[in-house]
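Starting from the structure of chain L, add chain U where the hints point.
As they're listed, the protein sequences go chains L and U.
Take 0 as the starting number for the first sequence in numbering that gives the first Met the number 0 and just add one per residue.
Take 0 as the starting number for the second sequence in numbering that gives the first Met the number 0 and just add one per residue.
Calculated directly from the structure, the hints in this document are not laboratory data.
Using N, Cα and C, we set each Cβ at its ideal position, and we do this for glycine too.
Misleading hints may appear alongside valid ones.
[Unchecked claim] Sample of chain L residues at the chain U side, in silico, Cβ under 7 angstroms:
no., residue
1, 35
2, 41
3, 63
4, 123
[Stated by the list, open to error] Which residues of chain L face chain U? A partial, calculated answer using Cβ under 7 angstroms:
no., residue
5, 1
6, 16
7, 21
8, 26
9, 49
10, 64
11, 83
12, 86
13, 87
14, 110
15, 122
16, 146
17, 156
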Amino acid sequence: MNQIPALARAFAYLSLLTVGGGMAAFPEMKILTVEVHKWLTFTQLIHIYSVGQMAPGPNMMMIVIIGQWAAGPVGAIVTLAAFFGPTALLAFAVGRLWKRLEKWPWRLSIQQGLAPVSIGLLLAGCFTMAKGAITGLETGSVAVGTLLILLRYKINPAILVLGGAVVGLFSLGPR
Amino acid sequence: MSDIVHNGSSHFDSAAVPRTSASVFDIFLRFLVIGATSFGGVVPYLRGALVTKQHWLDDKEFVEMLSISQSLPGLNATNMAILAGQKLRGFAGSVAAIIGISLPGAALMYAVGVFYLRHGDHDFVTAALKGVAAAAVGLILSTVVQLSQKSLTGKFDFVFIAMTVLAVNRLHISVPRTLIAVGIIAILFHHPGRAHKGSATQ
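One chain only, chain L, in its complex shape (with noise of 0.2 angstroms):
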């Protein structure tokens, strides 16, 4: 069956979603990739979310994998078009309508009100993820070791990562 289509509506609408950052999205990402489409199952979408954060540029770019499996290299590019080109636009428009809107007394209301909803839906992605990613003491002492390192040393995150992967080599593999 033709997924082009599915794959293009439901990513440019995931793509509204990331405000604050591509995890707000990801409750719905599940919810759509996994549960209605069916592209890929939890784990696979935690997988390819985690290793993409050891990818330079913007951090979602595992989208295209979802893409990629869905319906090869077209889907790869069209997820891509649609997951990237709503905001682009938006962006776009914005910086162009800036100076008008720098005066806006609203502005800066919007910017401390969606603040705190932005890091709300942040975390709700980063609780969806726990609950399949975080399985037991090791996986769960890897996140906390992982979040106190990062915020008590400047430290690049994507080493931290790939550290991980190097614990879950030696101590996560089968018994």
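Here is chain U on its own, set in the frame of chain L:
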């Protein structure tokens, strides 16, 4: 407003003639390099390349663009590419910048997708991925903490965070509905009449 009159209050004017002679190809190339090297978060690399090295933007413009990027839907990295590209070379500049910054990561993830289908079920790959996913959860939590320290302007904001999390994770209300409902309440709470304390931009 005339273009000839210099407006001192804002340096960010997309209608103004760019000071630098960045060609569309220059923009593409520079963002391609950022897209290929920015491991662990794009923003510091963007600042280094656009402000420090190329002098395409000054620091004030960069901070202003970042604050626009953060309050719009979309990733910071791609929104910044659009805004910086627009400032430098209009529509063509934006297109060059977003394609450049996305291309390396997208190609890499495409390769990961192929590899995963072939080897994703090997025991050692699954074990490594478990560790990667756990570390990613820690990374997102650290982003939550750092954003909270930087962009919250009052104790009441924690109530809005809690409302958002409860709505999505417990009550299973969809993200857009939550965003609109809690967003409107929070924006009205921060209405212009209320003395603005602090700033969400820095």
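Hints and how they fare:
| no. | hint | result |
| --- | --- | --- |
| 1 | 35 | 12 angstroms, violated |
| 2 | 41 | 11 angstroms, violated |
| 3 | 63 | 5 angstroms, holds |
| 4 | 123 | 4 angstroms, holds |
| 5 | 1 | 19 angstroms, violated |
| 6 | 16 | 5 angstroms, holds |
| 7 | 21 | 6 angstroms, holds |
| 8 | 26 | 5 angstroms, holds |
| 9 | 49 | 4 angstroms, holds |
| 10 | 64 | 4 angstroms, holds |
| 11 | 83 | 5 angstroms, holds |
| 12 | 86 | 3 angstroms, holds |
| 13 | 87 | 5 angstroms, holds |
| 14 | 110 | 4 angstroms, holds |
| 15 | 122 | 5 angstroms, holds |
| 16 | 146 | 4 angstroms, holds |
| 17 | 156 | 4 angstroms, holds |
The structure is inconsistent with the numbered hints 1, 2, 5, although it conforms to all the rest.
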